[in-house]
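Chains G and H are the protein sequences, given in the same order. Following numbering that gives the first Met the number 0 from start to finish, the first sequence increments by one per residue and tops out at 359. Following numbering that gives the first Met the number 0 from start to finish, the second sequence increments by one per residue and tops out at 254.
Calculated directly from the structure, the hints in this document are not laboratory data. Be aware that a few hints might be false.
[Unchecked claim] Cβ pair distances, simulated, as ranges: (1) G/S58 x H/K7: 53 to 63 Å; (2) H/G120 x G/Y187: 29 to 39 Å; (3) G/E220 x H/S230: 25 to 35 Å; (4) H/P28 x G/R228: 27 to 37 Å; (5) G/E239 x H/E9: 35 to 45 Å.
[Unchecked claim] Calculated lysine-lysine pairs in the BS3-like style (CA-CA distance at most 30 Å, straight line): (6) G/K42 x H/K211; (7) G/K198 x H/K17; (8) H/K212 x G/K42; (9) G/K44 x H/K211; (10) G/K282 x G/K359; (11) H/K66 x G/K198; (12) H/K212 x G/K44; (13) H/K66 x G/K162.
Idealized CB from N, CA, C, for every residue including glycine.
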Amino acid sequence: MSEEVRLMKGNEALAEAAIRCGCDGYFGYPITPQSEVMETLMKLKPWETTGMVVLQAESEVASINMVYAGAGCGKRVMTSTSSPGFSLMQEGVSYIAGADLPALVVNVMRGGPGLGTIQPSQADYFQTVKGGGHGDYKQITLAPKSVQEMADFVGLGFDLAFKYNILTVILADGLIGQMMEKVVLPPYQKRRTEEQIRKECPWASLGRTPDREPNVITSLELEPEPMERRNIALQAKYAEIEKNEVRFEEIMTSDAEYLLVAFGSAARICQKAVEVARAKGMKVGLLRPITLFPFPYGKIKELGNQVKGILSVEYNAGQMVEDIRLAIEGKVPVEHFGRTGGIVPTPGEVLDALKDKIIK
Amino acid sequence: MTTNDIMKPENLVYKKPKLLNDKTMHYCPGCSHGVVHKLIAEVIEELGLEDKAIGISPVGCAVFAYKYIDIDWQEAAHGRAPAMATAIKRLLPDRLVFTYQGDGDLAAIGTAETIHACNRGENIAVIFINNAIYGMTGGQMAPTTLEGMKTSTCPYGRDVTLNGYHLPISNLIAQLEGTRYVTRQSVHTAAAVRKAKAAIKKAFMNCMEPEKKGASFVEIVSTCNSGWKMSPADANVWMTENMFKAYPIGDLKNS
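One chain only, chain G, in its complex shape (with noise of 0.2 Å):
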C-alpha cells in the first residue's frame, strides 16, 4: 500500500493520530488554539469505527479527573488543551503522578500569563517541566517541531506512558497546532482488548476478578514512612528515564562554533537562521531537545566544550535557558533570545540576537 501523504493542520493531524494509535478514549475542553482537535474527532466519530470514546467535558478539571479514572482502567486515554486549561488541569495532573499512572496530554501553547492571547507561546516550560501542580513529580515531555511530529508523538507518547506508567505531555506551541504542512498518518493499530489490559496492567481497576485483591487507584498514603518510599519510589522512576528517553535533533553542530538552542517550532526558525548564517560562513549550529523532561544536559554539556557561546531561542521570557545553563555550569556564555505575548521570532532576529549578545 503507498504512503498516504495529507495537508493537514497539527491539531487534525494529532486527532487522526491518537484514533490510529489505538487510544481508547478523548476527554476535553474547547480552547484555541486546539479546539479543532476535538472538532476533528467528532467528526471521525470513532467510536463507530475503532470504539474510541470521545467526550466533552464540562471543564478541563472534569476532563483531567476523566483522563486519570480511564488511565486507573488501563486504557490508552488523552486529552488536550491550551495554557490556562492546562493551568486548570494541574491538580489531575498531580495525582495521575502520585498514583503512577500512564496518560497523554497534549498542551498547545498560547501566550500568558492570565488569560493572554491566542498566539502561539513556548511560556509553559516551566509549568510542565519543572511540575506546574503540587508534590515532587515529573512527566515526560515531547516538544514536536512539525505536523508530522504531531500525529508521530501520539503513539510514542503513549508507548512512553504505559513503558513507565507516568504522564506523557505533547508540549506544542499554537503554531504547530494551527499550522497546515504534509504529513504521513500512522497506521492503524487495533485497540487492545480487555484481557490484554487486565495481563499489561495488573494494577488497573477494571473490575476485581477472584483470583486477585481488590486494585485500588489511590496516591493517598497518611503514614510518612510509606509515603517517603512511594516517593523515592517516583524518583528512581525519573532517574531511569533520565538515563533512557532523552531524545534530541542536531543540525550542524560538528563543526560549530556557536549553537542555537530551541524546540517546537522556534527550532525550525532557527533552522533556517542556521542555513542563512552559514551561507555567510559563520559555523552556527542548532540542537532541538525533542525530550523536555528528560532534558538532553549531557548532549549540551558536550557541546559546551566545543562552542564559543549559546543562544537559546524560545517564545518566553527565558525558561529553558536556565536548563542550558544548568548543564554548561558557567563554561560559555548562554543567554536568551525570545519574544512573548504571542510574537514569532523572524530567523534575522534570531541572528541579530546572536551577534548582539553572543558573538559581540
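Please arrange chain H on chain G, whose structure you already have, making use of the hints.
Using the frame of chain G, we list chain H on its own:
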C-alpha cells in the same frame, strides 16, 4: 432454653457481607458511614456484581472507603468523582460504576462535576452522604449546613447574610432531564436502613441496564455526632427534628 443454647453457628441468621472486610474502620462510633458501607457491600453481593463493581471514593471522611469494601476502587480528587465515574462508565459500559461522596465533596467543590455528570444522563449511581458538616477536616461549615447551625467556621451559627442558605442539592438534581432516580433516605432506624438499602439496590440495578436512561442519585441524610458534638443517640434525635425539615425523606424522582 438458655441464651447459650441459642447462640450457635447454625442459628445465625444475620451475616456480615463477605465484601465488607474485617479491617477496623476509622469512622467515629455513631457515624452513618459504616451502615451505608455495609448496605453497599450487601447490595453488590446480592446482585452478584463483585467483579463488575468499580467505586469512586471521595475526599472527606469516606476517603478510605476503599479499605473496607473489597472491590476495585479509584480515589478521586476532592469533588471530581462524578467526572471519573463518567469516564469509567463510558470506557466500560457493562460495569457498575458508583461514586460515594459527602456534602462538601459533592455539593461545594464538586458541584459542577455532580450537575454535569447527572445532566449528561450518565448511567452511574451517586451515593451522597449529607451530614451537613465537613467531618474529616474537623467540623467546618458545609454547603448543606443548616441556618443557625454551629460549626468551627460558623461558630455563632450559619448566618445567611454571611454564608447564604443550606443547599438542597438533590432537589436541583431531580430537576435535570439526565436523572432517572433521585431519592433521599436515612439510616437512623432499622426501618430506615431497609429503605435506604432498597434505594441503593434500585440505583445499582438501574446502572446495570444496557440502555442509557439516566443517573441514579441516592442522598442519605446522616449524622456526624463528633462534628455536631453530640452523643450518637442525641445526634439521631437532632437529625430527625432539624435535618428532616430541610431535607425531607422520600423519593424526589422515580421514573
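So, going through the hints one by one against the coordinates:
Distance hint check: the CB atoms of G/S58 and H/K7 are about 58 Å apart, consistent with the given range 53 to 63 Å. Separated by about 32 Å at the C-beta atoms, H/G120 and G/Y187 satisfy the suggested range of 29 to 39 Å. In this structure the hint that G/E220 and H/S230 lie 25 to 35 Å apart at CB holds, the actual value being about 33 Å. Take H/P28 and G/R228: their Cβ atoms lie about 33 Å apart, and the range 27 to 37 Å holds.
Range check, G/E239 to H/E9: about 58 Å between beta-carbon atoms, so the 35 to 45 Å window is missed. Restraint check: the Cα-Cα separation between G/K42 and H/K211 comes to about 22 Å, which is no more than 30 Å; the hinted pair holds. Distance check on the hinted pair: G/K198 and H/K17 sit about 26 Å apart at the alpha-carbon level, within 30 Å; holds. The suggested pairing of H/K212 with G/K42 holds, with an alpha-carbon distance near 25 Å, which does not exceed 30 Å.
Between G/K44 and H/K211, the direct Cα distance comes to roughly 19 Å. Compliance with the 30 Å bound is thereby established for this hinted pair. Taking the CA atoms of G/K282 and G/K359, the gap is near 15 Å; set against the 30 Å cutoff, the hint holds. Between H/K66 and G/K198, the direct Cα distance comes to roughly 24 Å. Compliance with the 30 Å bound is thereby established for this hinted pair. Only pairs whose Cα atoms come within 30 Å are accepted, and H/K212 paired with G/K44 is accepted, the gap being roughly 22 Å.
A distance of roughly 28 Å separates the Cα atoms of H/K66 and G/K162; the hinted pair therefore holds under the 30 Å criterion.
The structure is inconsistent with hint 5 alone, although it conforms to all the rest.
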